[in-house]
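The numbering used here applies: residue 167 is where the sequence shown begins, and numbers increase by one.
It should be emphasised that the hints constitute simulated quantities derived from the structure, not laboratory data. Just so you know, even glycine gets a beta-carbon here, dropped at the ideal spot from N, CA and C. Each hint should be verified, as a subset may be incorrect.
Unchecked claim - Derived DEER-like restraints, expressed as beta-carbon distance ranges: (1) Ala305 - Thr221: 39 to 47 Å; (2) Gly300 - Glu229: 17 to 25 Å; (3) Pro258 - Leu233: 17 to 25 Å; (4) Arg208 - Arg294: 30 to 38 Å; (5) Pro218 - Ala305: 38 to 46 Å; (6) Leu232 - Val194: 31 to 39 Å.
What the hints assert, rightly or not - Cut-off 25 Å, straight-line C-alpha distance, at most; resulting in silico cross-link-like pairs (SDA-like, lysine to any residue): (7) Lys259 - Gln293; (8) Lys259 - Leu244; (9) Lys259 - Pro218; (10) Lys259 - Pro319; (11) Lys259 - Gly300; (12) Lys259 - Ala222; (13) Lys259 - Gln224; (14) Lys259 - Trp214; (15) Lys259 - Gln187; (16) Lys259 - Arg225; (17) Lys259 - Glu306; (18) Lys259 - Arg186; (19) Lys259 - Pro308; (20) Lys259 - Ala305; (21) Lys259 - Ala196; (22) Lys259 - Gly307; (23) Lys259 - Phe206; (24) Lys259 - Asp205; (25) Lys259 - Gly195; (26) Lys259 - Leu233; (27) Lys259 - Gly198; (28) Lys259 - Ala219; (29) Lys259 - Thr221; (30) Lys259 - Asn320; (31) Lys259 - Ile291; (32) Lys259 - Leu232; (33) Lys259 - Asp230; (34) Lys259 - Leu297; (35) Lys259 - Arg208.
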Amino acid sequence: MGTAAESAESVTARKGRPMRQVRRLRLVGASGAVPRARDFTRQALHDWGWLPAATADQRAAAEDVLLVVSELVTNACLHANGPEELRIGAGPKVLRLEIVDLGSGSPSPRTPHRAGRPGGHGMFIVQRLCLDWGVVRNAEGPGKTVWAELAAPN
167 MGTAAESAES
177 VTARKGRPMR
187 QVRRLRLVGA
197 SGAVPRARDF
207 TRQALHDWGW
217 LPAATADQRA
227 AAEDVLLVVS
237 ELVTNACLHA
247 NGPEELRIGA
257 GPKVLRLEIV
267 DLGSGSPSPR
277 TPHRAGRPGG
287 HGMFIVQRLC
297 LDWGVVRNAE
307 GPGKTVWAEL
317 AAPN
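Using the sequences and the hints given, assemble the complete structure.
Printed below as a string of structure tokens:
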């Protein structure tokens, strides 16, 4: 079962700015990892003032975050023997998502992207909705962290 924690542990944005708030959810062996990760993320967005959204743009920003979490966790479930942990970091202008798994592969958008075909859209969606995303390999053994950054709502 997953456990949640808020910590001062640094999650650092791509440009080296530490996130002011970080939450972590252990997902090792958790059933229903995708809905659990979405619910955890939704609660963090609520606690951090993204939800309830006051405007359509703010609502869209929160929905984008939830969609990206779903896609990244689903990708870890399908291609990396499941996610180990979800980390969410909130900064003044960016929200960073990190999914840790033990997989050896590297996610990438399917090319060419074929909108009419089922499946294979997850990383294309991540690429379209995020400011940036990438993969960091675990230097101490198997696995990686797939990260994505989204703009904070105005």
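Hint check results:
At roughly 42 Å, the beta-carbon separation of Ala305 and Thr221 lies within the given 39 to 47 Å, and the hint holds. Taking 17 to 25 Å as the suggested C-beta distance range, the pair Gly300 and Glu229 conforms, at roughly 23 Å. Evaluation of the 17 to 25 Å hint for Pro258 and Leu233 yields a pass: the beta carbon distance comes to about 22 Å. Separation of Arg208 from Arg294 is about 21 Å and departs from the stated range, judged on CB atoms against 30 to 38 Å.
As the Cβ distance of Pro218 to Ala305 is approximately 41 Å, the hint placing it in 38 to 46 Å holds. Under the hint 31 to 39 Å, the C-beta atoms of Leu232 and Val194, about 22 Å apart, miss the expected range. Note on Lys259 and Gln293: the hinted pairing holds, with a Cα-Cα distance of about 18 Å set against a maximum of 25 Å. In summary, the hint linking Lys259 to Leu244 is not supported, as the alpha carbons are separated by about 31 Å, beyond the 25 Å threshold.
For the proposed pair Lys259 and Pro218, the alpha carbon gap of about 18 Å is at most 25 Å, so the pair holds. With a C-alpha separation of about 8 Å, the suggested pair Lys259 and Pro319 falls inside the 25 Å cut-off, and the hint holds. In summary, the hint linking Lys259 to Gly300 is supported, as the alpha carbons are separated by about 19 Å, within the 25 Å threshold. For the proposed pair Lys259 and Ala222, the alpha carbon gap of about 18 Å is at most 25 Å, so the pair holds.
Distance check on the hinted pair: Lys259 and Gln224 sit about 13 Å apart at the alpha-carbon level, within 25 Å; holds. As the CA atoms of Lys259 and Trp214 are separated by approximately 13 Å, the hinted pair is consistent with the 25 Å bound. For the given pair, Lys259 sits about 12 Å from Gln187 by alpha-carbon distance, which is consistent with the 25 Å threshold. Our distance criterion of 25 Å between C-alpha atoms is met by Lys259 and Arg225, whose separation comes to about 16 Å.
At most 25 Å may separate the alpha-carbon atoms for a hinted pair to count; Lys259 and Glu306 exceed this at roughly 31 Å. Distance restraint check for Lys259 and Arg186: the Cα-Cα separation of roughly 11 Å lies within the 25 Å cut-off, and the hinted pair is therefore satisfied. Between Lys259 and Pro308, the direct Cα distance comes to roughly 32 Å. Violation of the 25 Å bound is thereby established for this hinted pair. Only pairs whose Cα atoms come within 25 Å are accepted, and Lys259 paired with Ala305 is rejected, the gap being roughly 29 Å.
Of the pairs offered as hints, the one joining Lys259 and Ala196 is violated, with about 31 Å between alpha carbons and a cut-off of 25 Å exceeded. A hinted pair counts as satisfied when its Cα atoms are at most 25 Å apart, and Lys259 with Gly307 does not qualify at roughly 33 Å. In summary, the hint linking Lys259 to Phe206 is supported, as the alpha carbons are separated by about 21 Å, within the 25 Å threshold. This hinted pair checks out: Lys259 and Asp205 have alpha carbons roughly 22 Å apart, not beyond 25 Å.
Our distance criterion of 25 Å between C-alpha atoms is broken by Lys259 and Gly195, whose separation comes to about 33 Å. Restraint check for Lys259 and Leu233: the C-alpha separation of about 19 Å stays at or below 25 Å, so the hint holds. For the suggested pair Lys259 and Gly198, the alpha carbons sit about 30 Å apart, so the restraint of at most 25 Å is broken. The straight-line distance between the Cα atoms of Lys259 and Ala219 is roughly 16 Å, inside the 25 Å bound, and the hint therefore holds.
As the CA atoms of Lys259 and Thr221 are separated by approximately 17 Å, the hinted pair is consistent with the 25 Å bound. At most 25 Å may separate the alpha-carbon atoms for a hinted pair to count; Lys259 and Asn320 meet this at roughly 9 Å. Between Lys259 and Ile291 the alpha-carbon distance is near 21 Å, which keeps this suggested pair within the 25 Å criterion. Of the pairs offered as hints, the one joining Lys259 and Leu232 holds, with about 17 Å between alpha carbons and a cut-off of 25 Å not exceeded.
Annotation: proposed proximity of Lys259 to Asp230 holds, straight-line Cα distance about 15 Å (limit 25 Å). Of the supplied pair hints, the one linking Lys259 and Leu297 holds, its CA atoms being roughly 11 Å apart against a limit of 25 Å. Simply put, Lys259 and Arg208 have alpha-carbon atoms about 18 Å apart, close enough for the 25 Å limit, and the pair holds.
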